[in-house]
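Peer 1: These protein sequence lines are chains A and B, in that order.
Going left to right, the first sequence walks through residues 14 to 373 as my numbering numbers them.
Going left to right, the second sequence walks through residues 15 to 240 as my numbering numbers them.
Treat the hints as calculated values from the structure; they're not laboratory data.
Keep in mind that the hints are not guaranteed to be accurate.
To be verified - Chain A stretches covered by chain B per the calculated footprint, using a threshold of three residues with CB under 8 Å from any CB of chain B:
(1) 190–196
(2) 314–320
(3) 351–360
Said to hold, decoys possible - Below 20 Å or equal to it, Euclidean Cα-Cα: the simulated DMTMM-like pairs (lysine to aspartate or glutamate) are:
(4) LYS188/A with ASP38/B
(5) LYS217/B with GLU295/A
(6) LYS77/B with ASP123/A
(7) LYS77/B with GLU269/A
(8) LYS188/A with ASP148/B
(9) LYS147/B with GLU107/A
(10) LYS188/A with ASP162/B
Please read these numbers as outputs of a predicted model, since none were measured by experiment.
A virtual CB, placed ideally from N, CA and C, is assigned to each residue, including glycine.
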Amino acid sequence: MPDGKGAMTERERVLALLDRKKPDRVPIWPFAYQGFATVYTGTPISDAYNKPRVAYEAQKKTCHDFGWVFTPMLGYAAYGGWELGGEIKWPSGEFAQAPTVLKHPVETPDDVMSLKVPDVKTAGIVPIMKEFYDISSKELLDNEPFNVMQFGANGSFTIAGNISGPDRLCKWIIKKPDVAHRLLQLANEHISKLAAYWKELYGVENVIPLGGEPTSANQLISPNMFKEFAMPYITEINKMFIDMGYRHLYAHICGEHNANMEYWAQIPMGDPGIISIAQEVELFDAARYFPNDVILGNVNPAIIQTGTPEEVYAAVKKNVEDGKKIEGGYIFSPGCEMPPMAPVENIKAMSQAVFDHGWY
Amino acid sequence: MATEERTKEILKGLHDSVYEFEEDDAVKWAKTALEEGVDPFVATMEGIAEGMIAAGEAYNEKKYFVPELLMCADALYAGLDILKPAIEASGRQAEVKGSIVLGVVEGDVHDIGKNLVKMMFEVAGWTVYDLGKDVPLDKFVEEQIKTDAEVVGLSALMTTSMLAMPVVIEKLRAKNPKVRILLGGAPVNPEVAEKYGADGYAKTAGTAVDEAINLLKVLKEEELGE
Chain A
14 MPDGKGAMTE RERVLALLDR KKPDRVPIWP FAYQGFATVY TGTPISDAYN
64 KPRVAYEAQK KTCHDFGWVF TPMLGYAAYG GWELGGEIKW PSGEFAQAPT
114 VLKHPVETPD DVMSLKVPDV KTAGIVPIMK EFYDISSKEL LDNEPFNVMQ
164 FGANGSFTIA GNISGPDRLC KWIIKKPDVA HRLLQLANEH ISKLAAYWKE
214 LYGVENVIPL GGEPTSANQL ISPNMFKEFA MPYITEINKM FIDMGYRHLY
264 AHICGEHNAN MEYWAQIPMG DPGIISIAQE VELFDAARYF PNDVILGNVN
314 PAIIQTGTPE EVYAAVKKNV EDGKKIEGGY IFSPGCEMPP MAPVENIKAM
364 SQAVFDHGWY
Chain B
15 MATEERTKEI LKGLHDSVYE FEEDDAVKWA KTALEEGVDP FVATMEGIAE
65 GMIAAGEAYN EKKYFVPELL MCADALYAGL DILKPAIEAS GRQAEVKGSI
115 VLGVVEGDVH DIGKNLVKMM FEVAGWTVYD LGKDVPLDKF VEEQIKTDAE
165 VVGLSALMTT SMLAMPVVIE KLRAKNPKVR ILLGGAPVNP EVAEKYGADG
215 YAKTAGTAVD EAINLLKVLK EEELGE
């Protein structure tokens, strides 16, 4: 359901914002790459993670049908557990959303201290990701500002938590900070090697690195813990990406990070970066902390799943009207992954609200 | 037999070792309590449990976060491991404040929040039937019927697994309309809880027990009114 009246394509809209220019309309760039796209196109959710061709075609069709920005991506929130030597379970059954870690590669401080980062080329889901990006990098459609959205970038704390299990990491940052720091170093070592691998394969043109940070949210850790255990590692990784030649980074600040925002604001995000915020952070607060970056967000996914089309439309309209006032630029998205089972009528209402009210 | 002053010192030691998440100290003070004749029930309720309640308050006030609470829980359970056998040997029964079946619904393995909720209920004197994570939906119904628990607590952290909640609620209501159902987890909010037909919603582990107590009050008022 593209709006059909825009002078610019979704690709041009995003690139205009990244060039610090105003697009004709707010772009729609939802987190709908995984479950929603496969459910919408009639394939099992697990296909989003382990069938690259099916996953790519599902994302491509979904973004086309609803008039959205398309940035092909394959990854999962529990990334790191399998890649550093553990085991995962693919999503199955009626209510599962994503792969989950069955066995973490480390369980004790000694495990952490002796862990070696495996070869990234064969680590966990990476070969599947490569197959996916090999497909996506072959074409650049007019709704694609980037045709490779590199998963596994600036989520150092979350990846560390996935290696050990978040509860162990939480305990170690109090009782064994040296172990926690070592785990974070291992996470960054893996991210660095992965980044070098992706750059070798796909370059920096048409590529945007993406990282998500749910585990460092204030629902779990304090702002002081974020400052000591998350910020330095995310900063190191983002600096590395910028030094590698990536101009823009995409950071999904997942969950309630309000007390962390002053620290997030000190982390380099690119020129400009794309700051994806969850519904727990106010749009204008995010814009205040990131005046030179593009803010992406942040309607509550629960409304999209459980609301009526009228409620979804009203929530998106309000978000878009607020977002248009952000000087540094704004892209519409739900505050987190699009609920895979969200009713299509609600999705249509979401897009329609942007088509109706997103014009500058 | 410890003097009143020494008993106070031991109880403070137990309280502080839990609040300050010093697991070794909790073990040490629990052993001291038994060696010096402090009633293990008193040591548990007025020492260890009070320390955990104080930690819960610190969490609600954002002085503590999940890492501190997890460490407090380790200290709590380390102390309880020493004191519980002595309580059981004494034959003394604690007053049970209520009972709850708890679990993370099918399709979801995120259980940190559920485990904290479990601990807060235990500290508050509730009997907890913990079903764990990724719990098949019928299991909640079976366990509620088996235990006759007054409350069922459902947790979900994902938008797919939250869809299991109304299914469980319908199944529970069909078997026992009076059971009170409490929801928690990141994608849930009061509006969703109401829409799904739950009786209550707990935003954090710290508020879950108060919410459950309120549900029981309403239940008892309804029973008195019948």
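Peer 1: Hints first: check each against the structure and report whether it holds.
Peer 2: Against the structure, the hints:
1. 190–196: With 0 residues close enough to chain B, the hint is violated.
2. 314–320: holds (count 4)
3. 351–360: This one holds; 4 residues, not fewer than the three required, reach chain B with a Cβ under 8 Å.
4. LYS188/A with ASP38/B: Holds: LYS188/A and ASP38/B sit about 12 Å apart, inside 20 Å.
5. LYS217/B with GLU295/A: Roughly 19 Å separates the two Cα atoms, so the pair holds.
6. LYS77/B with ASP123/A: 30 Å, violated
7. LYS77/B with GLU269/A: 16 Å, holds
8. LYS188/A with ASP148/B: 29 Å, violated
9. LYS147/B with GLU107/A: 15 Å, holds
10. LYS188/A with ASP162/B: At roughly 40 Å apart (the allowed maximum being 20 Å), ASP162/B and LYS188/A break the hint.
Hint check: violations occur at hints 1, 6, 8, 10; the rest are consistent with the structure.
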